[in-house]
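Novice: So the chains spell out like this:
Protein chains: 4
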Amino acid sequence: MLEKVVSVIGGHSCTKEVEQIATELGKKLAKVVKYLCTGGLSGTMKAVCSGFKAGGGITIGIIPSYDKKDANNFVDIVIPIGLGLARNVLVVKSGDVVVALPGEAGTLSEIAYCLQFGIPVISLNSWDIAGVIRVDSVEGAIKEVKKRL
Amino acid sequence: MLEKVVSVIGGHSCTKEVEQIATELGKKLAKVVKYLCTGGLSGTMKAVCSGFKAGGGITIGIIPSYDKKDANNFVDIVIPIGLGLARNVLVVKSGDVVVALPGEAGTLSEIAYCLQFGIPVISLNSWDIAGVIRVDSVEGAIKEVKKRL
Amino acid sequence: MLEKVVSVIGGHSCTKEVEQIATELGKKLAKVVKYLCTGGLSGTMKAVCSGFKAGGGITIGIIPSYDKKDANNFVDIVIPIGLGLARNVLVVKSGDVVVALPGEAGTLSEIAYCLQFGIPVISLNSWDIAGVIRVDSVEGAIKEVKKRL
Amino acid sequence: MLEKVVSVIGGHSCTKEVEQIATELGKKLAKVVKYLCTGGLSGTMKAVCSGFKAGGGITIGIIPSYDKKDANNFVDIVIPIGLGLARNVLVVKSGDVVVALPGEAGTLSEIAYCLQFGIPVISLNSWDIAGVIRVDSVEGAIKEVKKRL
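Order-wise, the sequence lines are chains A, B, C and D. Just so we're aligned, residue 134 is where the first sequence starts under the working numbering, counting upward by one. Just so we're aligned, residue 134 is where the second sequence starts under the working numbering, counting upward by one. Just so we're aligned, residue 134 is where the third sequence starts under the working numbering, counting upward by one. Just so we're aligned, residue 134 is where the fourth sequence starts under the working numbering, counting upward by one.
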């Protein structure tokens, strides 16, 4: 019964351009997988959830606090773990494939966890670390996700 | 968009009788809520997931290891948190209401967390601790869940 | 090189009487073990740390937040884990023996974890759960700790 | 009473050369701080603990499992957190200053957490990420640690 999940990671805040890319990524991902997992907050996380919902998918948000209301409005299932930044490891481990959008050190810690676990991580104009799969378009990201589901 | 979740807690192993009660509880819960959260393993957890799936619901399993395959066959969405017993707090915190089936110290720690968080916890022949809502039938449990969703 | 550690658990707030008992317990524990582990906050935790320091021991505080300043003034080494209540499992697991002072549901979750791990837990007028070692005096608690170090 | 702690991060396995550097770092750190925190396992962690003990300091090991025996022989105080890789965030957060030795993705996740928390992180021939303080000798590392304690 085990369903596939794609996790998307990226910054709490982002430019309008990255927001559009994240939304588009969400919409297209909804065509290839039923469940999306994110950190459940703002910025890239909210944009990709919004797109994924628009595409008909179900969104999971693993948030750092204990308050379900901290999740963005496009999260269906909230896991309010109250673990602070230790939640980063849970977000990526819940995914069978991970897509990284631009973000700062938090996103870097998540990419590092993917590499440590051996979870494929696709960097869509995010950190360029040895071991990530680099792509420069939503189409490229979707193509790489499909190969790995 | 935030969906309600009911968490069910209880032992890793259980008698045939408790297994039947757990399965029946799962089936009936599926009529009142879309998502069930459990610890994702065997015994009461497996039985309630099996009933909930039979009733048409979607099951979330928050498992203590990093290996999604450790979840029972009736879990749809696995959160493989690798946190060991610290996962107990996550299972109950993910629920808006919690039902406790018979179990040992692990179940007791989960009931204690419910009380600490102020999450309503319905004890169906499980631990009798000041603060729990005691019921002695599946119907009684369902009635109490409904009041609190 | 592995040093023995005794963990003491109990409420955030306590009566003057329990505070005195906790302080006395701390002083006497410092004669039998070098390191004390607590949740690092107020009430019984502060009182037992204060006694343990007065007795010449070194105190470890595993606090739920990320801010070392949240620890009480009698903590030497702060582990600021930012894990919220999931820290309860860490406090008891760090001890080779646990003494429980009066407390509410948080203390109950910690006692439950002791039972689950098989760590000896001595209840000094705290929760009376099957499996705990009940004592009604500081001397009784110290005697039981000694047997198990 | 709050004591300063330096955390040292780095790989599970390392070359003889890095082992010597880690040991030397440990010895010299023991002159500037009383407590060392590491992940408590092998490789760079063991070497730096060994040096720190030789220098007269007290070592804390935050290990990923629940079994205190998993810690290396130079750890005095074991926090057996059973949190798997989520322990990475705890190791760095327990330090007031962090020194990174060579390591792989796990070390990278720890550096990323330092940057996210704003904890000064000194890279001694480890990952070169924007925001770290780069040094190429033990002396250089000690100098940078001293400035920040």
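Hints listed in this document are in silico derivations from the structure and should not be mistaken for laboratory results. A portion of the hints provided could be inaccurate.
One copy or any two copies: either way a pair holds, since identical chains are not told apart in the list.
Below, a list of computed lysine-lysine pairs in the DSS-like style, where the Cα atoms sit at most 25 Å apart [stated by the list, open to error]:
no., residue 1, residue 2
1, Lys-280, Lys-149
2, Lys-149, Lys-137
3, Lys-201, Lys-167
4, Lys-164, Lys-186
5, Lys-276, Lys-167
Novice: With identical chains treated as interchangeable, where does the CA-CA distance between Lys-164 and Lys-186 reach 25 Å or less: within a copy, between copies, both, or neither?
Specialist: both (11 Å within a copy, 24 Å between copies)
Novice: For Lys-280 and Lys-149, with the copy left unspecified, which applies at a CA distance of at most 25 Å: within, between, both, or neither?
Specialist: Classified as neither: same-chain Cα gap 29 Å, cross-chain 40 Å, threshold 25 Å.
Novice: When no copy is named, should Lys-201 and Lys-167 be tagged within, between, both, or neither for a Cα gap of at most 25 Å?
Specialist: both (22 Å within a copy, 17 Å between copies)
Novice: Within, between, both or neither: how does the pair Lys-149, Lys-137 come out at a Cα-Cα threshold of 25 Å?
Specialist: neither (29 Å within a copy, 32 Å between copies)
Novice: Tell me, please, which holds for Lys-276 and Lys-167 at an alpha-carbon limit of 25 Å: within, between, both or neither?
Specialist: Within one copy only: 16 Å inside a chain, 32 Å across chains, cut-off 25 Å.
Checked against the numbered hints given earlier, the structure breaks hints 1 and 2 and satisfies all the rest.
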